[in-house]
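Student: Spelled out, the chains give:
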Amino acid sequence: MSEPVSALNRATFDGLAHVQEAGLQGMITLRGTVLDEGFAKAVSDVTGLALPGQRGVVSGGDSTLVWMSPDELLLLCPHGDTSDRVAKLTAALGDTHALVVDVSDARAIFTLSGPQLREVVAKLAPVDMSPAAFQPGTVRRTRFAQVAAAVWLSDAETAQIICFRSVAPYMFALLCNAATPGTAVGIF
Amino acid sequence: MSTRLATGGRLTDRSKQVKFQFNGQHMRGVAGDTLASALLANGQLMMGRSFKYHRPRGPVASGAEEPNALVNLGKGARFEPNQRATTTELFDGLTASSQNHWPSLQFDIGGINTHLSRVLPAGFYYKMFIHPRPLWKHVYEPFIRRSAGLGAAPDAETVDGDTYEHFYAFTDVLVLGGGVAGLQAALTAASSGAQVLLLEQNAHWGGRTPVDGGEIDGKPAAVWISDTVQALEAMENVTLRLRTMGAGVYDHGYVLGYERLTDHAPETPGPRHRLWRIRAQQIVTATGAIERPLSFAGNDVPGVLLASAVRDYVVNYGVSIGDRTVVVTNNDDAYRTAICLHEHGLTVPAIIDARQNGGGALMAQAEALGIKVLKGRAIAKVKGSRKVTGVAICAQAGEGGVLDVIPCDAVAMSGGWSPVVHLWSHCGGKLTWDDTNVFFRPDLAKAPTSHDGAPFVIPAGAANGHMHLGATLTDATTAGSSAASAAGHQPRSTVLPKAVAEAEAAIMAVWLMPQGATVALRSKAWLDFQNDVKVSDIQLAAQEGYESVEHAKRYTTLGMATDQGKLSNINGLATLSAALGEAIPAVGTTTFRPPYTPISMGSIAGQARGEIFQPVRQTPLHSWHEAHDVNWEPVGQWRRPYSFVRAGETVEQSVHREVTATRDSLGLLDASTLGKIIVKGPDAGKFLDMLYTNMMSTLPVGKCRYGLMCTENGFLMDDGVVARMSDDTWLCHTTTGGAERIHAHMEEWLQTEWWDYKVWCANVTEHYAQIAVVGPNARKLLEKLGGMDVSRETLPFMQWVEGTLGGFPVRIFRISFSGELSYEIAVPASQGLALWSRLHADGAEWNATPYGTEALHIMRAEKGFIMIGDETDGTVIPQDLGLSLAISKKKADYLGKRAHARSHMTDPARWQLVGLETVDGSVLQDGALAVAAGKNLNQQRHTQGRVTSTYHSPTLNKGIAMGLVLNGPDRMGEVLDFTKLDGTTVKATIVSPVFFDPEGEKQNV
Amino acid sequence: MLILTCPYCGVKAEETELHGGGEAHLTRFGPESSDEAFEGYLFQRENPKGVHFERWRHAQGCGKWFHAARCTVTLEVFGTYSAQTSEPPQNIRDAISAKRPGWTWRSFA
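Protein chains in written order, with full-length UniProt numbering: chain A, 1 to 188; chain B, 1 to 1005; chain C, 1 to 109.
Hints in this document: simulated from the structure, not taken from any laboratory. Just so it is clear, the structure is predicted and the values come from calculations on it, not from any experiment. Be careful, since some hints might not be right.
If you want a taste of the chain B side facing chain A, the calculated C-beta under 8 Å gives, among others [claimed, not checked]:
hint: 1; residue: THR239
hint: 2; residue: PRO271
hint: 3; residue: THR619
hint: 4; residue: GLU766
hint: 5; residue: SER830
List time: in silico DSS-like cross-link candidates among lysine-lysine, alpha-carbon distance up to 27 Å [unchecked claim]:
hint: 6; chain 1: B; residue 1: LYS1002; chain 2: B; residue 2: LYS784
hint: 7; chain 1: B; residue 1: LYS889; chain 2: B; residue 2: LYS935
hint: 8; chain 1: B; residue 1: LYS446; chain 2: C; residue 2: LYS49
hint: 9; chain 1: B; residue 1: LYS703; chain 2: B; residue 2: LYS784
hint: 10; chain 1: B; residue 1: LYS430; chain 2: C; residue 2: LYS99
hint: 11; chain 1: B; residue 1: LYS219; chain 2: C; residue 2: LYS12
hint: 12; chain 1: B; residue 1: LYS780; chain 2: B; residue 2: LYS703
hint: 13; chain 1: B; residue 1: LYS758; chain 2: B; residue 2: LYS935
hint: 14; chain 1: B; residue 1: LYS758; chain 2: B; residue 2: LYS703
hint: 15; chain 1: B; residue 1: LYS758; chain 2: A; residue 2: LYS88
hint: 16; chain 1: B; residue 1: LYS703; chain 2: B; residue 2: LYS891
hint: 17; chain 1: C; residue 1: LYS49; chain 2: B; residue 2: LYS430
hint: 18; chain 1: B; residue 1: LYS16; chain 2: B; residue 2: LYS75
hint: 19; chain 1: B; residue 1: LYS758; chain 2: A; residue 2: LYS41
hint: 20; chain 1: B; residue 1: LYS890; chain 2: B; residue 2: LYS758
hint: 21; chain 1: B; residue 1: LYS686; chain 2: B; residue 2: LYS897
hint: 22; chain 1: B; residue 1: LYS935; chain 2: B; residue 2: LYS897
hint: 23; chain 1: B; residue 1: LYS890; chain 2: B; residue 2: LYS958
Restraint ranges, calculated between C-beta atoms of paired labels, are given here [to be verified]:
hint: 24; chain 1: C; residue 1: PRO89; chain 2: A; residue 2: GLY38; range: 27 to 33 Å
hint: 25; chain 1: C; residue 1: VAL73; chain 2: A; residue 2: LEU35; range: 57 to 63 Å
hint: 26; chain 1: B; residue 1: PRO220; chain 2: C; residue 2: GLY102; range: 57 to 63 Å
hint: 27; chain 1: A; residue 1: ALA87; chain 2: B; residue 2: ALA844; range: 36 to 42 Å
hint: 28; chain 1: A; residue 1: LEU35; chain 2: B; residue 2: ASP727; range: 24 to 30 Å
hint: 29; chain 1: A; residue 1: GLU157; chain 2: B; residue 2: LEU5; range: 30 to 36 Å
hint: 30; chain 1: A; residue 1: GLU157; chain 2: B; residue 2: ALA744; range: 33 to 39 Å
hint: 31; chain 1: B; residue 1: VAL139; chain 2: C; residue 2: VAL73; range: 44 to 50 Å
hint: 32; chain 1: B; residue 1: LYS686; chain 2: A; residue 2: LEU35; range: 41 to 47 Å
hint: 33; chain 1: A; residue 1: GLN54; chain 2: B; residue 2: ALA901; range: 42 to 48 Å
hint: 34; chain 1: C; residue 1: HIS19; chain 2: B; residue 2: ASP727; range: 32 to 38 Å
hint: 35; chain 1: C; residue 1: THR27; chain 2: A; residue 2: ALA87; range: 42 to 48 Å
For glycine and all other residues, C-beta sits at the position ideal for the given N, C-alpha and C.
Isolated chain A (complex conformation) (with noise of 0.2 Å):
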């Protein structure tokens, strides 16, 4: 086995934020229904997590689970600890009528972080970033200019965003534009 490789092996940008290729980071597509006891309960019992309501994202530990609709949560854990993970889930679910696959390396996951974080996105993607509208704990899933992307807040002053691996270096050329010095809008 050699040394896996994140898309961007952790490029940074300092602009109106600071944008991260976030490295590797275990991701898990759950497939399920999410309302059946039996599935709730499995993922809750490997996870230790709460599943999350509609758009909701829980934290915990060295996890995290987003609502991505109402049959498919995303699970991230540590890289290393994917296919373990995948095991027990595969396991706790039984017989139950799900899916559970490994899409780490499917996948680019970037941070923004800094004060102005909520401009640099509102440039990208049509959603209102607004304080008011748009808070930690919510996934939103959406465009980012000409690509599909998810992102939520971990934090009121840090953004995860994540999209297909193979269009990571357009991502990253478009979160360091928006996010050119000089640039700021100035309404948030």
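Place chains B and C on chain A using the hints.
Tutor: Here is chains B and C on its own, set in the frame of chain A:
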């Protein structure tokens, strides 16, 4: 001559000189000038020439409605044509040049057109140049192109030196226009706590009220304005933006705001323009009103301006158009100009008022100042050609018999005011004709409606037809309050400001001056100054049957200039209705379309340029390819290596080397772009049996099967190898670029038709790097890496296995798209580059050769394998391609099955797949048609087939091709004629599509 | 540019996040169906001036298909609802009746 006055200029700072150039001449303005005011201050009244007759043109307005004063602005990477001098803020180092003249602004050879104007009437070009047809292309068009047009097109090779961006904003209430109405509406709305965004296109708040005067709450209007702006700035729920125009209002409260950040200071870092993509619950359009010209002979001579513009230049910039200004009007407002000029020490020889009894209080004020008022009079004609030298006076009621000639340098005209209804109308707001005030105003009963069916645009102030200061403020208060409550906020009672301004006497409708003007006068009375449309042109159009306003507009080009008829539309419409003998509202208006004034192409593109023009998808091996002489091919948004071109090689040689190396020993292909979709669940087999034409439910675990997918229309949409992973899980491979489409296709059927199926899917395409190891030495390389048994016995053709290969966690699929011994290895993307590098290094002893898409295509064509997009084009069914074996006869249903039973699909005359070999060994041209005897009704030769794929095969050293041919499989050995681009044909023999290793001995080893 | 609320994730999405999927509530006709029925399923579409039912996918979002009832003239949206239904639910029909009394669409009213 226009000049700078000794004092004055509300918006300027005379202590700061600003240097600029016009037509190469060095000039000076002052801080706060517009380019127009600075040029006027330098005595430069003439700023361009008109479009058709190349007549001299000076500014007629002072703002966004300006049709004449268009210039080429900037140089090199910042050059831009057709910029309005009236809205261009002056900055140090500005360079501008005038447009549409040759050889110079002063002497223009095209100016001869003005003398030919009697033979260049409306529709002249349509009528004159239609016959004889061939002359159009070679004579007429090149000539017209040279003499027509406005500014120069930017140099094609020069990249725009500025940057642009978008910004998504959401607000409860959006107020467009920062005049007194906009400010008051914003203040009222904001008092409710609603989020308010206020945009003003100019660099200053207050609109034209500071020029027009009046008192608000006992303060001069200018003081009230700055107090109100301060109050708004202090409110947390209010955002204010200057230099930001509401460009367009669209469905469901979507608005484009066009912010010009650095046009007035080009060296400032940051984007030049920002396009605000705003979603507003309620929109208040406080866009003011625009003054209309009067139609009299010579109203286009430089020095004839709108009355409001004349006083704008004096009050705002301390610039006069001339020493002696004749004011001509049909309403009271223009008297303000006369009074203003008089107060600034300038001469007003006369006010010519078309109204028999003149005006009201403002007239009395003017007369008290000693200004002569001529009632019931009109201008028969303006004297002068490049500038005004005087006006001939006549009775408005007559035909133009000259009563007197008054020498003057400028004419200030006012034909009344039109509310700016553009933004109200963009999304469907209707208009109503106001006979008393002589203008179209918003019909409040027919507002644009939003997603909830409720109105979402509220006009305010002058834009709503309230021209008096007091009425404007009252209306704006109502508008702001209504907007806030419609957006779900309770407006607190706000105090209505008390306004004091002079009352005005009634306007009189004057559409032609004098009302019975002779043809000679009418053909010099301009409606559209930029496009040279005169009263006589509209009358001619009406006479020739262009009765619809939309037709008359296009026939005469009225209102089709860059100003989109801001000054000309209502006058033209009134002229048309008079010519047709109909009432103005019966004729109606043309459509108001966004943007309000032109916005830059750069702002529309936003950040999408250069490396982020569009997403380029990269495989995990991208950086390796880039470092190894890759010749990229765009495949959808992906970049795939077409071939790797070594020094001294042509592209063709590189492709042939890659094919030969793979067939002889070992090739490596980056197959990561192939789609990979996991399908799992108790009903997954049943589901896949519906999606694919063949059976997937019967595929044993550990095995692979090639499958075809059709649309409900029966046409082939995708193909790929399906592997069964476990009892309830399958892995479906799709074509490159097919992953998202096929994943969406699966979800669509699961969500919208078979929602009772217990199936989950996940697109795992990008989780893996997939590498094809291909060629007679492929197994040796895998064995060298070690860790897995990849022998013929353990891993035969069309099976897959999971394990650890050379330390990498992999799945190996024994599948082949080349006819060679081949393994496709899937490894997590984070380790893809490492595995590829290892395979390349360890394969060196077998000359492991990376190959690209073209070698892949050639090898598959040599084997007669079809390619989606080559052999298929959305009209091809599997049966056309000899793939009937891949269609299950046992299944009761699959997508496309019913369509395959339609008569056209079972027609034996459908063209079918065959191989083709030219008799002379040459390569057929791509898409070439097989011709048949005879011709169709269009004198085109009949056809009986076409080429779908064609290559030079380095393996066989000759041209090979596949094609679809009428009854092809039954015509083996027959020779057909195929077209070539040079008009000749080439002979090719129908053969089997499998050119190489028909028994499959090479892949089954 | 339209806004539709995705009934699955609750996002008020703008048109650039959505993908239109044509007319709603088609009945699939498969093997053995008559030529006429199959033609109707594949090709015959309503083109009403007024009330219309459509399929949309929240493509740049949760990925779910849903239904929308809207007016093709005014672009008023009467409601969005689940894709897992072969006819408009009663609450949607009531919402339309409140705004467009007497409406009909195919066999629905």
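Student: Does the Cβ pair GLN54/A, ALA901/B satisfy 42 to 48 Å?
Tutor: For GLN54/A and ALA901/B the Cβ distance comes to about 45 Å; the hint holds.
Student: With the threshold set at 27 Å, check whether the alpha-carbon distance from LYS758/B to LYS88/A stays at or below it.
Tutor: Satisfied, since the Cα-Cα distance of roughly 22 Å is no more than 27 Å.
Student: With a cut-off of 27 Å on the C-alpha distance, tell me whether LYS780/B and LYS703/B pass.
Tutor: holds (22 Å)
Student: Look at the Cβ atoms of GLU157/A and LEU5/B and judge whether their distance stays inside 30 to 36 Å.
Tutor: For GLU157/A and LEU5/B the Cβ distance comes to about 54 Å; the hint is violated.
Student: Would you check the hint for LYS1002/B and LYS784/B, treating anything up to 27 Å between C-alpha atoms as holding?
Tutor: OK: LYS1002/B and LYS784/B at ~21 Å, within 27 Å.
Student: Would the stated hint for SER830/B survive a check requiring a Cβ distance to chain A of less than 8 Å?
Tutor: At about 3 Å, which falls below the 8 Å cut-off, the nearest Cβ of chain A leaves the hint on SER830/B intact, so it holds.
Student: Lying within 24 to 30 Å: is that true of the beta-carbon distance LEU35/A to ASP727/B?
Tutor: holds (26 Å)
Student: Given the hinted pair LYS758/B and LYS703/B, is their Cα-Cα distance within 27 Å?
Tutor: holds (23 Å)
Student: Report holds or violated for the interface hint on THR619/B, using the least CB-CB distance to chain A and a cut-off of 8 Å.
Tutor: holds (7 Å)
Student: Can we keep the GLU766/B interface hint, with Cβ of chain A closer than 8 Å?
Tutor: This interface hint holds because 4 Å falls under the 8 Å limit.
Student: Given the hint that LYS889/B pairs with LYS935/B, test it: the Cα-Cα distance must not exceed 27 Å.
Tutor: violated (40 Å)
Student: Given the hinted pair LYS890/B and LYS758/B, is their Cα-Cα distance within 27 Å?
Tutor: OK: LYS890/B and LYS758/B at ~23 Å, within 27 Å.
Violation of the numbered hints given earlier is confined to hints 7, 11, 13, 22, 23, 25, 29, 32; the remaining hints are satisfied by the structure.
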